[in-house]
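Enquirer: Could you put the whole structure together from the sequences, leaning on the hints where they help?
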Amino acid sequence: MKTKASFFWQRVFPPAILFGFVVIVWQIVTLAYDIPRYLLPSPLLILQAAVDQHEQFLSATLLTGFEAVCGFGLSLLIGVGIAFAFSQSKIIRSSCYPYAIFLQTVPIIAIAPLIITWFGTGFQSVLLVAVIISLFPIITNATTGLISVDPELENLFRLYNASRWQRLWKLQLPNSVPYIIVGAKTSSGLAVIGSIVGEFFAGYQADQFGLGYLILQTSNQLKTPQLFAAVIASTLLGVIIFGTVSFVGSVILKRFYALSSDAV
Amino acid sequence: MTAAMAENLVQANNLEMTFPQGQRALAAVDFGIQQGEFVSIVGPSGCGKSTLLRLIAGLQEATAGELTVADLNPQTARTQSNKTAFVFQDPNLLPWRNVADNIRLPLELAGNVTAETAADIENSLDLIGLSSADALKKPSMLSGGMRMRVSLARALITEPNLLLLDEPFGALDDILRQKLNEDLLRIWQEQNWTGLFVTHNVAEAVFLSQRIFVMSAAPGTIASTIEIPFEFPRNPELRATAEFAKLTGEVSAHLRGTGE
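Just so you know, the protein sequences line up as chains W and P, in that order. With the working numbering applied, the first sequence corresponds to residues 1 to 264, in that order. With the working numbering applied, the second sequence corresponds to residues 1 to 260, in that order.
Because the hints were derived from the structure by calculation, they are not lab data. Zero decoy hints are in this set.
The following label-pair restraints were derived from C-beta to C-beta distances: (1) W:Ile109 with P:Glu108: 49 to 57 Å; (2) P:Thr76 with W:Val248: 46 to 54 Å; (3) W:Ser89 with P:Glu190: 42 to 50 Å; (4) W:Phe13 with P:Asn123: 50 to 58 Å; (5) P:Pro20 with W:Ala85: 28 to 36 Å; (6) W:Val251 with P:Gly22: 46 to 54 Å; (7) W:Ala5 with P:Met141: 25 to 33 Å.
Going by beta-carbon spacing under 10 Å, a handful of chain P positions derived as facing chain W: (8) Ala57; (9) Ala85; (10) Leu94; (11) Pro95; (12) Pro106; (13) Glu108.
For the chain W half of the interface with chain P, some residues (derived, Cβ under 7 Å), not all of them: (14) Glu152; (15) Leu159; (16) Tyr160; (17) Asn161; (18) Pro174.
C-beta: ideal position from N, C-alpha, C; glycine also.
Expert: Here it is in C-alpha cells:
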C-alpha cells in the first residue's frame, strides 16, 4: 500500500498538477487575447469538438489502432523469422543486412506513391507502411539475441553434443527473448506512427477513415479544434499500445527469470 | 609401459598446444590417469591448466602429441560414449530454466529423458544437498554456492565416467569451498568416476586428491607429481593435522619452484 501511495505522489501527482496548470493557463490566454480558434483553440473548444463528434473519433481511433496492432504483429512475426534466418548463417546475414538497413532508412514519402500504385489505397497499403516502419528494431534486436550467446554456454551445449536444432531451440531462442521484448517495445510505438503516416498517403475514402486521414482532413479545412482532438487521440493510442506491450513484456521477463517451472 | 598405458583412462604423450595466434600453451605434457583416480592439477595462472582440461573434454584439439580417453580420441570418446562431464569455472546455468530443468538438460540433449528422470533429478538434488523446494527456483534466486551445486548435479546426472572440474569453487569463500570439497569427495567415494580437478588452491588439492600434478608456467608442462597418501574416507579434521600441513607446504614449495 505504501509503495502504491508513494508511486502516486512521486510519479503521477506532479505531472498531473503540471498538466492542469498548463490547461488552465492555455484556456485563460486564449480567452484573454482572443486568439482565433483556427490558430489555437482553447482546451474547452477541443473538448467540445471531441464530445460532439465522439463517434467519428472513436471509430477512427479504433481503425488506426487495429492497423497498428496488425502491423506490429506482422512485424514481430516477420522480424523474428528474418532474424532466425540471419542467425543461421553469416553469409545470409552479411548479404541481407544492408537491405534490412534500407528498410530503416528509406523515406516512406518516397516509396508511398509506389505502394499506392501496387496496392491501391486502403487497409493493405496502410498496413504495409506500418510494417516497413516497425520491422527493423525487431530484426536487429532478435538477431543480436540469437547470436550473442555466452560462449561458455555454447561450450556446454557442445560438450553434450547438442544438434544445431537443439542449440537454436533450447539456447539461442530463449537467449533472444529479452532482446525481442526490447525490440517489440520500440516497434509497437513505430507501428502507431506507421499507421498514421500510412493513412496520410494511402488512407481511406470518406466513409471509412482513421486518425491520419482525420488529421489531414481537419488540417486542410482549418478545423483546428478537431485537429487537436485527433492529435490527442493519436498520442493516447500510442501510449496505450506501447504501455500494453511494455507491460506484457515485463510480465514475460519476470516469469522467464524468476518464478514458474516450465521448461523452455 | 604399454600395459600400463592400456589401463589408463586418460593418457597424454608429449602433448603440445599452440593457439592459432602463435601463443604456446602446453609443451611436452606426459601423464596417465587411471580409472577411478582423483587427480588435481595446480599451477600458476595462465599455465594452461584449463586448456589441458578442454583438450581432454574434446572441446579443443591439441596441435601435436597424443591424447586418449578410454583409448579413443577425446572428441570421439565424448560424442560416442557420452561419459565425459565438465564442471565449468562459472556455474554456467541457463537463467531461464529452473534448477530441475537445468539438471535435466544433458539428458534432454542426449534424448535420454525417461519416466525415471524426475526421480533421478530428485536423487541428484539430495546428493548435492539441495531440497526439492529448490528444484523450482530459477538460478537468479540462488546463492553462488547453490548455483555451483546445481552445476555439479547437472554434470553428475549423466553418470559420467570422467568428471573434469575447472576451478569450480574458485569464486566461493573458504568455508563454503571446504564444505563443497567434503561433499564432492563423499560423492566421489560413493560413485565410481574418475576426477580431474583444476585449482589454484593447494589445500583444496591436497584434501581431495590421490595425486597432484604441479604445472610450470607457460608453456605449461607437468613439472612434478606428488602422491597424497591419506586414506579414504577423509574427514574435515584431516585439514588440522601436521601431516596435512606438511604436504600442503611441499606442494606449495613445488609450485614456487615452477618460477611463478
